[in-house]
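Following the hints, position chain B against chain A.
Protein chains in written order, with this note's numbering: chain A, 1 to 359; chain B, 1 to 352.
Watch out, some of these pointers could steer you wrong.
What the hints assert, rightly or not - Computed list of lysine to aspartate or glutamate pairs in EDC-like fashion (alpha-carbon distance at most 16 Å, straight line):
(1) LYS105/A to GLU193/B
(2) LYS122/A to GLU172/B
(3) LYS105/A to ASP55/B
(4) LYS329/A to ASP347/A
(5) LYS356/A to GLU184/A
Derived by calculation from the structure, the hints in this document are not laboratory data. From a predicted model like this one, the values you see are computed outputs, not experimental measurements.
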Amino acid sequence: MVIKNKLAKTLVTTALVAVASLFSATSMAAENVGFVYVSPIGDAGWTYQHDLGRLQMEKATGVTTKYVENVPEGPDAERVIREMAKRGDKVIFATSFGYMNPMLKVSKQFPNTAFVHATGYKMGKNMGLYNARFYEGRYLTGVIAGEMTKSNVLGYVAAFPIPEVLQGINAFIQGARSVNPKAELRVIWVNSWFDPGKERQASLTLMSQDADVITHHTDSTAVVQAAEEKGKYAFGYHSDMSKYGSKAHLTATTHHWGNYYTKVVKAAMSGNWKPENIWGGYKEGMIALAPLNPAIPAELQSRIASMEKQIAAGTLHPFKGPVVDQDGKTRVAAGQTMSDGDLSGMDYYVQGVVSKLAK
Amino acid sequence: MLRLERRAEASAVMSYASPLLAIILMLIGGLILFSALGKDPIEGFRIFFISPLSDIYGVAELFLKATPLMLVAIGLAVGFRANIWNIGAEGQYIMGGVAASAVALYFYESEGPHILFLMVVAGGIGGMLWASVPAFLKTRFNTNEILVSLMLVYVAQLAVSWLVHGPMMDPEGFNFPQSRMFEESALLPMLVEGTRLNAAFLFALSALVVGYIFMYRSFFGFQMQVAGYAKDAARYAGFSAKRMIWIGLLSGGGMAGIAGMSEVAGPMGQLTEHVSNNYGFAGIIVAFVARLNPVGIFFASLLMALLYLGGEQAQQYMNLPSSISNVFQGMLLLFLLGSDVFINYRLKWKNS
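One chain only, chain A, in its complex shape (with noise of 0.2 Å):
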């Protein structure tokens, strides 16, 4: 269906001449940096952790940041990036998967512009990407879950099963076995990000099947308050939660983007930038535990105090080998650890998960 008419393509060309004449060029400020949100800034979760990361490298740079949030991942997409790049930000950050392939298109059409994508896998010539080594704070959250729960049941409210929600879902049951060899995790997939609805009625699943620890890999509150009507313990994920359960809320797993844009946004400005595929976590101060708890004995406050410092310093990893999956098979020998590659890709669960994956 090629269009070989040239009349056509012509007719139309200047139609859009003629509407563009009608309204004058307009002339806007220069922008410095935009960023792309998938979702309401909100009070809490993974589009507010962004934005705290921002403003806290606005005060740091001094360059004014502009966001659009709630922009679908598809085309829609493109011509907000492309609107930002085109009113000359330095810096462009898109902060879901989903906008890849857009961001991708556009950084190909703005050479001088630095793109950076969160959570992603492709690169380009000016387009670097960045994430965050969630599974770090997750095995810390299960060292907690493992001491805590009386059931030695535990459960976990999931989105997507893609290698970052799964390296969450497998890093908290090691680190709740490695100190309750008892302790066995249920996993629901509610199939949305955002779905407080779902994800409640999950949360009240779980403990129904005697879940005492429970944590989630969504976006909203509605786990950690289902927690504390119930009762029950649960950990919060992006932000801390502890003001929606205050008895519930053990700790949380939280992102700090603040540092990061901060040194990319310097090195644009001075022209310093290259793209770059960074994954940081503890060490890089991208991850971090929200404050504990005081019904977290003192003695395994401590002990998770020293892990921390461990996995800064590299010497405590959440896939420190044996890692068995759930068919038994050896995915990690003892003595070694799991390599990036094989984290990125990770389609599976480790023993003791006893849900089963759909395949």
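Leaving out everything else, chain B in the frame of chain A:
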């Protein structure tokens, strides 16, 4: 006490003028809204309605965004004129996109114009198959097509989610839920260099012309219109109600399916879970704002598209929240329905 009294005759002039009136009221509402938010209303108006169109790229984006709306709305209008209420264009759109993607992936790494041709056909058939379920159930068991078509939207959403997590997932995509990127031979050709406006815009314009001829110049279009105005008269004249139901639902499904194809083979270039983007529901608003008229659909689609683009600009340059586009869409529909009331009724003061 105030009460509504039915007018003896609705004004024909006003039924065409009321969409314009609704637009004007929406603009006034918008100016008040901007002021209430502490923004300069004139500046807000400029950013929302004018700056998206300040260059060729912007205008091309407007036509690109309006293309699926036009396709969905013209297909739905055929059925709506005969009081056949297909509310499930969203699901038919998804299934059209899925069918077209299946063709693109089946012919992955091969060349030739037949690929795109088959994708268009598959898109149309995919949408029609999905619409044939409510058509069959309605003609056979007299079920309510509003409910059946709407429920099938959720089935379609779950189906596409399963497909991109399973059979249609990119094998080199690290388990992320999306298909491979289509190859050049499965992408619609661009109409204007340097923009994303593609051949689907020409499909949409042709569909509007064909829709116009069908509705106003064909005997069958006339039958459907009669059925819409007076069901019993149509039956008395011997027009087949079953045939109308099938045509009404299949035209909506087919067009929505082609719209879905134009999105995966156009700006998306792959199948993901986010294929639908609400075009199927927005198309219903477009069809009604346009009074089910093809010329009106052309302009109403552009207006709806502009509300999306303007909302993005308002966020970037005025720090307004993302819901601003929805507020404008809501105002437009509210004022339109509001003026409809006054076309058919007048306000009367009565002592009780």
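Verification of the hints:
In summary, the hint linking LYS105/A to GLU193/B is supported, as the alpha carbons are separated by about 15 Å, within the 16 Å threshold. Straight-line distance between C-alpha atoms of LYS122/A and GLU172/B comes to about 11 Å, which keeps the hinted pair within the 16 Å bound. Between LYS105/A and ASP55/B the CA atoms are separated by roughly 20 Å; this puts the pair beyond 16 Å, and the hint is violated. The hinted pair formed by LYS329/A and ASP347/A meets the criterion: a straight-line CA distance of about 13 Å does not exceed 16 Å.
Only pairs whose Cα atoms come within 16 Å are accepted, and LYS356/A paired with GLU184/A is accepted, the gap being roughly 13 Å.
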